[in-house]
Amino acid sequence: MKLSSPTGLVSVVVFMFAFGFMLVPLYDVICEVTGLNGKTAGQYEGEIAGDTSKNRDVKIQFLVNRNANLTWGFSPNTVEMKLPLGERRETSFRVVNTYRKDVVAQAIPSVAPAEAAPYLHKMECFCFQQQPLTAGETKDMPLVFFIDPELPDHITKLTLSYTLFDITDTVAKTKTEKPESKIVDHS
Amino acid sequence: MSELTMTTDHHDHGPAKGIGRWLFTTNHKDIGTMYLVFSLIMFLIGGLFAFVIRAELFQPGMQLVDPNFFNQMTTMHGLVMVFGAVMPGFVGLANWQIPLMIGAPDMALPRMNNWSFWILPFAFSMLIATFFMDGGAPAFGWTFYAPLSTTYAPPSVTFFIFAVHMMGISSIMGAMNIIVTIFNMRAPGMSLMQMPMFVWTWLITAFLLVAVMPVLAAVVTMMLMDIHFATSFFNAAGGGDPVLFQHVFWFFGHPEVYIMILPAFGVVSEIIPTFARKKLFGYHSMVYATVSIAVLSLVVWAHHMFTVGMPIAGQLFFMFATMLIAVPTGVKVFNWIATMFKGSMTFETPMLFAIGFVVLFTIGGFSGVMLAIAPIDFQYQDTYFVVAHFHYVLVPGAVFGIMAGVYYWLPKWVGRMYDEGLGKMHFWLSFIGLNITFFPMHFVGLAGMPRRIPDYALQFADFNMMASAGAFIFGTSQLIFVYLIIKAARSGETADQVPWESAEGLEWTLPTPLPYHTFTTPPVIEK
Chain C
1 MKLSSPTGLV SVVVFMFAFG FMLVPLYDVI CEVTGLNGKT AGQYEGEIAG DTSKNRDVKI
61 QFLVNRNANL TWGFSPNTVE MKLPLGERRE TSFRVVNTYR KDVVAQAIPS VAPAEAAPYL
121 HKMECFCFQQ QPLTAGETKD MPLVFFIDPE LPDHITKLTL SYTLFDITDT VAKTKTEKPE
181 SKIVDHS
Chain Y
1 MSELTMTTDH HDHGPAKGIG RWLFTTNHKD IGTMYLVFSL IMFLIGGLFA FVIRAELFQP
61 GMQLVDPNFF NQMTTMHGLV MVFGAVMPGF VGLANWQIPL MIGAPDMALP RMNNWSFWIL
121 PFAFSMLIAT FFMDGGAPAF GWTFYAPLST TYAPPSVTFF IFAVHMMGIS SIMGAMNIIV
181 TIFNMRAPGM SLMQMPMFVW TWLITAFLLV AVMPVLAAVV TMMLMDIHFA TSFFNAAGGG
241 DPVLFQHVFW FFGHPEVYIM ILPAFGVVSE IIPTFARKKL FGYHSMVYAT VSIAVLSLVV
301 WAHHMFTVGM PIAGQLFFMF ATMLIAVPTG VKVFNWIATM FKGSMTFETP MLFAIGFVVL
361 FTIGGFSGVM LAIAPIDFQY QDTYFVVAHF HYVLVPGAVF GIMAGVYYWL PKWVGRMYDE
421 GLGKMHFWLS FIGLNITFFP MHFVGLAGMP RRIPDYALQF ADFNMMASAG AFIFGTSQLI
481 FVYLIIKAAR SGETADQVPW ESAEGLEWTL PTPLPYHTFT TPPVIEK
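Chains C and Y supply the protein sequences, listed in that same order. Everything in the first sequence is counted per the working numbering, starting at 1 for the first residue and increasing by one. Everything in the second sequence is counted per the working numbering, starting at 1 for the first residue and increasing by one.
Since the hints were made in silico from the structure, they are not lab data. Accuracy of the hints is not assured; some may be wrong.
Result set (DSBU-like, lysine-lysine): computed pairs, CA atoms no more than 35 Å apart in a straight line [what the hints assert, rightly or not]:
no., chain 1, residue 1, chain 2, residue 2
1, C, 59, C, 39
2, C, 173, C, 101
3, C, 2, Y, 279
4, Y, 424, Y, 279
5, Y, 29, C, 2
6, Y, 29, Y, 487
Some but not every residue of chain Y turned toward chain C, in silico, with C-beta under 7 Å [unchecked claim]:
no., residue
7, 176
8, 180
9, 183
10, 187
11, 210
12, 214
13, 215
14, 217
15, 218
16, 227
17, 230
18, 236
19, 237
20, 244
21, 248
Built from N, CA and C at the ideal position, the CB exists for glycine as well.
All chains, full assembly: derive it from the sequences and hints.
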């Protein structure tokens with residue numbers, strides 16, 4: 001089959017259409033491998049590994065954003081901490097549902113500088129799950145993490161930022177067929 | 001065998017009567033005409049949108065339209081001009097000229113040719129119908145970045161998506177037809193390296209279209225799924241990424257800008273040798289330059305998004321790859337100049353448009369090199385400097401390219417000459433008008449005026465008034481073009497078989513007026 005024949009050209013078209021979709025996982029893989037874009041990996045499993053002999057301290061700052069001017073309360077319970085590399089730490093973030101109805105929240109993390117993203121390991125994070133909140137609920141959401149001792153030497157300060165999204169409508173849309181859904185609109 | 005069919009079918013050679021001729025035609029000349037007329041209508045509609053934009057920006061403050069409608073105008077102006085005016089314009093030229101220039105009786109896939117045209121009026125009716133829908137037409141810019149075009153889009157976005165799908169299908173079919181025609185229907189003895197430059201540039205353009213239009217289809221399909229099927233391709237809350245949209249879009253979008261300029265390179269490469277009365281300088285280097293531009297265009301997309309937060313390595317790669325494109329483009333510009341050098345030049349309308357193209361496209365190319373410099377781009381991003389840049393490459397580039405081609409080949413198509421005086425007037429008014437319009441945009445852009453905003457700070461007032469005045473001159477002078485074409489087709493003087501003194505190429509070996517079917521017997525190619 002020649003590329004310049006009608007069949008050849010149709011297969012190029014089909015391939016390129018599929019390629020458009022292939023760019024999506026490709027993009028995620030590139031971001032994950034290179035740590036570009038500040039995307040952090042999923043849940044870290046296993047022991048704290050790596051050479052801890054360097055015993056260097058780094059600073060980590062916690063930032064929060066509310067997407068689309070959400071009026072919910074959202075703040076880190078610790079704004080900044082200094083910790084040695086390879087040491088497990090725990091902190092938490094407080095979220096307040098100011099709506100008079102049950103909602104579902106989702107936090108999306110991002111690390112700056114992006115280069116440090118692959119070195120921040122989260123053993124537990126509220127961002128791994130959707131967070132259902134009842135009307136008016138206040139909740140402290142945990143984060144357990146450590147910073148990889150392999151962190152490049154020139155990085156002395158990290159910023160971990162969470163953006164909070166209201167995904168109540170999206171969750172309701174995808175679960176409409178399922179009667180066991182817990183989302184009840186009291187309004 | 002061919003003798004036999006010739007004699008038996010000889011009674012059925014003219015065009016069909018009535019509207020059926022246009023609806024069911026498979027004749028490349030009829031389809032070419034329909035493409036060109038459609039392109040002209042879209043050019044005028046898109047121009048009307050531009051008229052509203054420039055009228056609102058005539059003075060600072062809000063005068064005529066509300067900001068949302070202004071955004072609809074900028075969006076639809078871009079979409080209609082890119083997909084409705086420029087692309088069908090070039091496909092129209094290709095339909096008319098490629099069979100005539102390679103000595104083929106018609107396009108290789110004539111039924112598909114008919115279909116690929118007739119999709120377009122429906123696609124654009126649907127797109128323009130969004131003005132009358134709830135929430136109005138798309139107002140998110142012709143680049144339709146997510147989440148503006150997904151989460152915050154008006155409900156009419158679904159119609160926009162289907163319209164883009166249809167335009168994409170049309171372009172892909174048109175491009176496939178051109179590739180198959182060029183590879184299979186060249187006159188015996190015509191090797192690839194003997195093809196006219198216009199055919200070469202269209203062949204490369206067609207490959208670009210086949211490669212990237214499906215990616216556009218993919219990106220709008222992802223939008224559709226995000227909007228209606230609760231996927232999260234571009235929604236950060238669901239694990240997607242809006243920046244991904246920009247990567248996929250510009251993977252299509254950057255080759256797209258070369259799709260809009262390469263055929264224009266081909267047109268001026270036909271016209272300049274004719275009116276300079278010399279052979280095209282450096283034919284081989286022209287072909288290789290076109291191929292290199294096309295290949296490079298596939299790996300430079302992220303220079304549209306330097307400010308999204310790219311790592312330094314990425315910025316450097318895309319910056320240098322982009323600047324590299326200036327090399328083959330420079331080769332082309334120097335070849336055109338070398339062709340004119342010491343030639344016996346005359347300045348008929350097609351030549352005026354071709355020279356206008358070379359000069360003004362080069363200005364647009366230079367501002368492109370400025371925009372390619374990543375650190376400086378942070379200042380230029382989303383300012384009127386960008387608007388000035390891409391209008392300099394698209395108006396005197398793509399649009400002048402199409403117009404030059406129309407003036408050059410019109411005597412052959414309709415068998416009559418156009419009014420040379422009117423043509424020259426059209427050129428000079430367009431040339432002056434567009435420079436008054438777009439040159440001041442460089443200055444206000446560098447001074448920080450953002451694009452796509454219906455109001456601006458007072459210090460930009462004078463230059464904006466100037467730009468608007470220029471736009472009114474440019475826009476109105478296009479009516480001369482419309483009148484000129486109608487006049488030429490109806491009552492022009494009968495044209496000679498070769499209306500230009502030293503025009504070369506197979507199309508000029510055909511009689512004027514052109515028969516409905518040409519090259520039913522392949523021409524003999526001299527080695």
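Hints versus structure:
| no. | hint | verdict |
| --- | --- | --- |
| 1 | C:59 <-> C:39 | 19 Å, holds |
| 2 | C:173 <-> C:101 | 17 Å, holds |
| 3 | C:2 <-> Y:279 | 34 Å, holds |
| 4 | Y:424 <-> Y:279 | 25 Å, holds |
| 5 | Y:29 <-> C:2 | 28 Å, holds |
| 6 | Y:29 <-> Y:487 | 20 Å, holds |
| 7 | 176 | 4 Å, holds |
| 8 | 180 | 6 Å, holds |
| 9 | 183 | 4 Å, holds |
| 10 | 187 | 18 Å, violated |
| 11 | 210 | 5 Å, holds |
| 12 | 214 | 4 Å, holds |
| 13 | 215 | 4 Å, holds |
| 14 | 217 | 6 Å, holds |
| 15 | 218 | 2 Å, holds |
| 16 | 227 | 11 Å, violated |
| 17 | 230 | 5 Å, holds |
| 18 | 236 | 5 Å, holds |
| 19 | 237 | 3 Å, holds |
| 20 | 244 | 5 Å, holds |
| 21 | 248 | 5 Å, holds |
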